[in-house]
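Novice: One-letter residues, chain by chain:
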Amino acid sequence: MSAAATDPRDDHDLLRAHVEGDPDAYAELVRRHRDRLWAVALRTMGNREDAADGLQDGLVAGYRRAATFRGDAAVSTWLHRVVVNACLDRLRAAKVRRTDPLPDDLEDHAERGSLVSAAPTEGDPAEASVRAERRTAVLAALRRLPEDQRAALVLVDMEGYPVAEAAAILDCAVGTVKSRCSRGRSRLAELLRPLLDAAGEQAHTPTGNPPPARSVESPDAPRGPPTAG
Amino acid sequence: MTTLSTDDDRIRELLADARHTGPIPDDVAARLDAALGELAGSSGEPLPEPVLPTPVPSPAVPDLAAARRRRTARNLLIAAAAVVVVGVGISRLDLSGVSSSADDSGSSADGPASASDAGGDAAAGSDGSLRKATGPTVVLDSDRFGHQVRALRLREPVASAPASGAYDAPTDGTTDGPADRLFGADGERSSELGAARASCDPASWGPGRRVKARYDGKAGVLIYRPAQGDTQVVELYLCGHDDPTRSITLPRR
Numbered sequence: 001m002s003a004a005a006t007d008p009r010d011d012h013d014l015l016r017a018h019v020e021g022d023p024d025a026y027a028e029l030v031r032r033h034r035d036r037l038w039a040v041a042l043r044t045m046g047n048r049e050d051a052a053d054g055l056q057d058g059l060v061a062g063y064r065r066a067a068t069f070r071g072d073a074a075v076s077t078w079l080h081r082v083v084v085n086a087c088l089d090r091l092r093a094a095k096v097r098r099t100d101p102l103p104d105d106l107e108d109h110a111e112r113g114s115l116v117s118a119a120p121t122e123g124d125p126a127e128a129s130v131r132a133e134r135r136t137a138v139l140a141a142l143r144r145l146p147e148d149q150r151a152a153l154v155l156v157d158m159e160g161y162p163v164a165e166a167a168a169i170l171d172c173a174v175g176t177v178k179s180r181c182s183r184g185r186s187r188l189a190e191l192l193r194p195l196l197d198a199a200g201e202q203a204h205t206p207t208g209n210p211p212p213a214r215s216v217e218s219p220d221a222p223r224g225p226p227t228a229g
Numbered sequence: 001m002t003t004l005s006t007d008d009d010r011i012r013e014l015l016a017d018a019r020h021t022g023p024i025p026d027d028v029a030a031r032l033d034a035a036l037g038e039l040a041g042s043s044g045e046p047l048p049e050p051v052l053p054t055p056v057p058s059p060a061v062p063d064l065a066a067a068r069r070r071r072t073a074r075n076l077l078i079a080a081a082a083v084v085v086v087g088v089g090i091s092r093l094d095l096s097g098v099s100s101s102a103d104d105s106g107s108s109a110d111g112p113a114s115a116s117d118a119g120g121d122a123a124a125g126s127d128g129s130l131r132k133a134t135g136p137t138v139v140l141d142s143d144r145f146g147h148q149v150r151a152l153r154l155r156e157p158v159a160s161a162p163a164s165g166a167y168d169a170p171t172d173g174t175t176d177g178p179a180d181r182l183f184g185a186d187g188e189r190s191s192e193l194g195a196a197r198a199s200c201d202p203a204s205w206g207p208g209r210r211v212k213a214r215y216d217g218k219a220g221v222l223i224y225r226p227a228q229g230d231t232q233v234v235e236l237y238l239c240g241h242d243d244p245t246r247s248i249t250l251p252r253r
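Here the protein sequences come in this chain order: A and B. Read the first sequence against full-length UniProt numbering and you will find it ends at 229, with the numbers running on by one and no gaps. Read the second sequence against full-length UniProt numbering and you will find it ends at 253, with the numbers running on by one and no gaps.
One chain only, chain A, in its complex shape (with noise of 0.2 Å):
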């Protein structure tokens, strides 16, 4: 992100630049937001070459309809609108064709050791594979939601953003975003029901061995060998 540090425009200049015909200004633009834009592609998209694509094509069409940008939202929020309208348009596009790969991200991840959020379990090979196969199952179900929630999820749930500028990258209403999100979640919830009771299970069971029982005392007095005669 040097350019970034050397740029001193904010997203609105660049933008605005980029329209008045700076060669420069639209891929600084870019660079500043592409790594979070690439997030939403490829869990939008469920798939690295997909999301590939989807970002492109979001891009370009920004790069070209820059100048009907209104200046009624932040720039990011615009760039993620045509972003996932791209991803969006791609899927409805591909659905009679799409398959469901499976993600292919862990990869990246494992190869880039990126997984943040895993510090404490780094160095816990068992619980690191534990949890990539419960990110596995995650990706798989939301791959198979509609659209429209997927959409709203990972913009919501994932990538934390607020329902209205969700709202406002999808290009709808509040309550519709609430409503594709909680239908979503509980469609999610079916499909990953026992990954849920497994978790609930876990919640309960103490962690660790139980302590080895004590043996039962004999009333008796031990019985001693055999006397002869």
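Some clues are possibly wrong.
Here are the in silico distance ranges between beta carbons for each label pair [claimed, not checked]:
1) 68(A) - 16(B): 31 to 37 Å
2) 74(B) - 23(A): 50 to 56 Å
3) 35(B) - 94(A): 18 to 24 Å
4) 70(A) - 38(B): 25 to 31 Å
5) 133(A) - 6(B): 17 to 23 Å
Reference excerpt, derived from the structure (chain B facing chain A, CB under 10 Å, subset only) [unchecked claim]:
6) 11
7) 12
8) 27
9) 33
10) 84
Quick partial rundown of chain A residues pointing at chain B, CB under 8 Å, derived from the structure [as the list claims (entries may be wrong)]:
11) 55
12) 134
13) 188
These aren't lab readings, by the way, just hints derived from the structure by calculation. Note that beta-carbon positions come from the ideal geometry of N, C-alpha and C, so glycine has one too.
Assemble chain B onto chain A, guided by the hints.
Specialist: Positioned in the frame of chain A, the structure of chain B alone reads:
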């Protein structure tokens, strides 16, 4: 806390845990930079009007108004062609009836059989029913005259010549009178017919219902005299003759 809310919270946690936190892969970033660089290199000027992203090849939007105009013009053209065809057909039918009579006239020396053949489909069959050209002129043969006249009376109404007056004397030079239809709308230019036309005056042939006729190829008028008692006389006058060429007495209907 209910199970539902617990599930909801747990799902949120799972989703948050599945969040992608890594940076964009290098190859994806390079590809994106290349695409945007290509766009920047291709323009280099203030952007034109925005275009839709990921343009999908689609057929040009049809101009509905132009299509409607083309359809209307085509329909009008078809209607006009139909009118022309019908008009030409009708005139051909008229002419064919007359020309067959003219042919009959030209071949009258061959006898009635020849004239009957020349009549073609305008003539009656061998059952002796009325041979009537399309239009107001009936075609008669000398050998079946009686039979044809009887049939003609049964098949009323038939086209009649004026009850009085010279139906064949278009003195104003027009060619749309009954005599013209009788002699052919295109005008049969023979001197024989011209003379016949000049002398074909039904008024001098007495009262009765008149039917334009061509008898063995010759123009004339068939006159159904008023019935007298139980009989009715039918006479055939050929143009240029003052006396009836044929006469037949039929029982009164």
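Novice: Flag every earlier hint the structure violates by its number, smallest first.
Specialist: 10
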